Amino acid sequence: MAAPSILCIGSVLWDVIGRTPASMRLGADVPGRISRIPGGVALNIAMALRRAGLSPVLLSSVGRDGPGDELVARCKLLGLDTAYLHRSDDLPTDTYMAIEGAGGLVAALADAHSLEAAGDRILAPLRDGRLGSAEAPYPGLIALDGNLTETLLAEIAESPLFAAADLRVAPASPGKAERLLPLLGHGGTTLYLNREEAGLLAQRVFEDAESAARALVARGAGRVLVTDGGAATCDASAEACHVSSPPPVMVERVTGAGDTFMAAHIAAEAEGKDRVEALAHAQAVTAAYVSGETRL
1 MAAPSILCIG
11 SVLWDVIGRT
21 PASMRLGADV
31 PGRISRIPGG
41 VALNIAMALR
51 RAGLSPVLLS
61 SVGRDGPGDE
71 LVARCKLLGL
81 DTAYLHRSDD
91 LPTDTYMAIE
101 GAGGLVAALA
111 DAHSLEAAGD
121 RILAPLRDGR
131 LGSAEAPYPG
141 LIALDGNLTE
151 TLLAEIAESP
161 LFAAADLRVA
171 PASPGKAERL
181 LPLLGHGGTT
191 LYLNREEAGL
201 LAQRVFEDAE
211 SAARALVARG
221 AGRVLVTDGG
231 AATCDASAEA
241 CHVSSPPPVM
251 VERVTGAGDT
261 FMAAHIAAEA
271 EGKDRVEALA
281 HAQAVTAAYV
291 SGETRL
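In terms of UniProt numbering, the sequence shown opens at residue 1 and continues consecutively.
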């Protein structure tokens, strides 16, 4: 494994996804396909970054149970660095479960209780000198997801361990978007949100991605990328604002789309693409993913 080119901090778990081409209503019982695959926001991002040629390191909590051993083995096969994972004897490996129908996501449950219970133990390599310390903080890219507790995210916003990082942050879901409030004014942070998540973070409703991104920058965010499904995406900061529409596609799946977008954008900028090029690249990669042409 090469020297780390990005740390991925957050959920590393099993995704259990049920998909059906049928429309579903409350209580529906329809034929479909069920898959169990490595997932979680941090892991989804890491897998996509690895395919793009980067060397991701995972910081998370994985149980010392059968599912955890299997998950770590799969991560190693994918070329991911698992050496810094917190392996817990008393916390089970987390799981995400979702059902997708003809109209997209029907419902989902994220059981990330073990990650939350592990707390700042997952950050030990950033404190003890293996990846950094308070005196010599990690200086590179870090992808951080909102499955961490609100308390831990607030600590990260003030921590010297993250003072030198290029911090890229995404909520794990709209329900966890408000956890990111402490990071809103953190220097060196880029937020990746959809329009709903941006609205929850700003506590207002936005009509489009541009208005959402501009509002969050006005509230102190250093840089914000806001997506809006098939509508235009906005990349905004105090210095510039760029809006671009994604390619039109038939949507076959939605779980992992946001993670795919974030990873593709990070990889593009790591390659030296400018903001316009990086956004266009991320939109093209995400379009291929949601249409079923590529997989996480």
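Source of the hints: derived by calculation from the structure; they are not laboratory data. Please note: incorrect hints may appear among the correct ones.
Said to hold, decoys possible - DEER-style ranges, computed between Cβ atoms:
no.: 1; residue 1: R130; residue 2: Q203; range: 21 to 31 Å
no.: 2; residue 1: R130; residue 2: R25; range: 49 to 59 Å
no.: 3; residue 1: A232; residue 2: D111; range: 26 to 36 Å
no.: 4; residue 1: V30; residue 2: A164; range: 22 to 32 Å
no.: 5; residue 1: E277; residue 2: A164; range: 45 to 55 Å
no.: 6; residue 1: A164; residue 2: G220; range: 18 to 28 Å
no.: 7; residue 1: A102; residue 2: A288; range: 15 to 25 Å
no.: 8; residue 1: S133; residue 2: D274; range: 11 to 21 Å
no.: 9; residue 1: A83; residue 2: R204; range: 16 to 26 Å
no.: 10; residue 1: G119; residue 2: G175; range: 33 to 43 Å
Since we're looking at a predicted model, the values are computed, not measured. Every residue, glycine too, gets a C-beta built ideally from N, C-alpha and C.
Hints, one by one, checked against the model:
For the hinted restraint 21 to 31 Å between R130 and Q203, the CB-CB distance of approximately 39 Å leaves it violated. For R130 and R25, the Cβ-Cβ distance of about 51 Å falls inside the hinted range of 49 to 59 Å, so the restraint holds. Between A232 and D111 the beta carbon distance is about 34 Å. The supplied range of 26 to 36 Å therefore holds. The given range of 22 to 32 Å is broken by V30 and A164, whose C-beta atoms sit roughly 51 Å from each other.
For the hinted restraint 45 to 55 Å between E277 and A164, the CB-CB distance of approximately 26 Å leaves it violated. Restraint check, A164 to G220: a C-beta distance of roughly 20 Å satisfies the suggested window 18 to 28 Å. Separation of A102 from A288 is about 20 Å and conforms to the stated range, judged on CB atoms against 15 to 25 Å. At about 33 Å, the CB distance of S133 to D274 disagrees with the hint of 11 to 21 Å.
Separation of A83 from R204 is about 43 Å and departs from the stated range, judged on CB atoms against 16 to 26 Å. For G119 and G175, the hinted distance range of 33 to 43 Å is not satisfied, since their beta carbons lie about 20 Å from each other.
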